[in-house]
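Chemist: Per the working numbering, the sequence shown starts with residue 40, numbered consecutively.
Possibly wrong hints are sitting among the right ones.
[What the hints assert, rightly or not] Here are the computed lysine to aspartate or glutamate pairs in the EDC-like style, where the Cα-Cα straight-line distance is at most 16 angstroms:
hint : residue 1 : residue 2
1    : 157       : 100
2    : 81        : 122
3    : 113       : 82
4    : 157       : 136
5    : 125       : 87
6    : 113       : 74
7    : 121       : 144
8    : 146       : 156
9    : 113       : 91
10   : 155       : 144
11   : 113       : 73
12   : 137       : 74
13   : 155       : 122
14   : 85        : 122
The set of hints was computed from the structure by calculation and includes no laboratory data.
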Amino acid sequence: MKKTTIIVLSVILALIIGAVLLLQNVNFNRLGADEYYVQINKEGKKNEVTLDSGEKFVSYDYTLQAYNANGEEKTLSFMAMKELRKDAYLCVFVKEEKRVTSYQEVKVDELPDKAKEKLAIQQ
């Protein structure tokens, strides 16, 4: 093989490996999303769906007051595939004003100060 062919193949291989790693490790639902913070202070509304095959799917709907890093409030509704832990704090990722695309549990010391102040009112 020529030296240039080896270099081209190496570059292509590196790009493929990089693309695979990117797809595995990046949550695209969080890219470009606004971050809001909520506390799970009530039970989610349980929804059960039974398919024709008899298989059951359970989800939980939540509607909560959320606050961004500036303390601005927004009411957000979202669905979880499991019942979320009571009193847990979540970072909720929001696109298009009110569409929740993802969430993750955070510790109280990870909350921005203004959001923490607002959430303390609900306790």
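Chemist: Hint by hint, say whether it matches the structure.
Modeler: Against the structure, the hints:
no.	hint	result
1	157 <-> 100	22 angstroms, violated
2	81 <-> 122	10 angstroms, holds
3	113 <-> 82	19 angstroms, violated
4	157 <-> 136	20 angstroms, violated
5	125 <-> 87	20 angstroms, violated
6	113 <-> 74	11 angstroms, holds
7	121 <-> 144	13 angstroms, holds
8	146 <-> 156	14 angstroms, holds
9	113 <-> 91	38 angstroms, violated
10	155 <-> 144	14 angstroms, holds
11	113 <-> 73	12 angstroms, holds
12	137 <-> 74	11 angstroms, holds
13	155 <-> 122	23 angstroms, violated
14	85 <-> 122	8 angstroms, holds
In summary, the structure is inconsistent with hints 1, 3, 4, 5, 9, 13 from the numbered list given earlier, while agreeing with the others.
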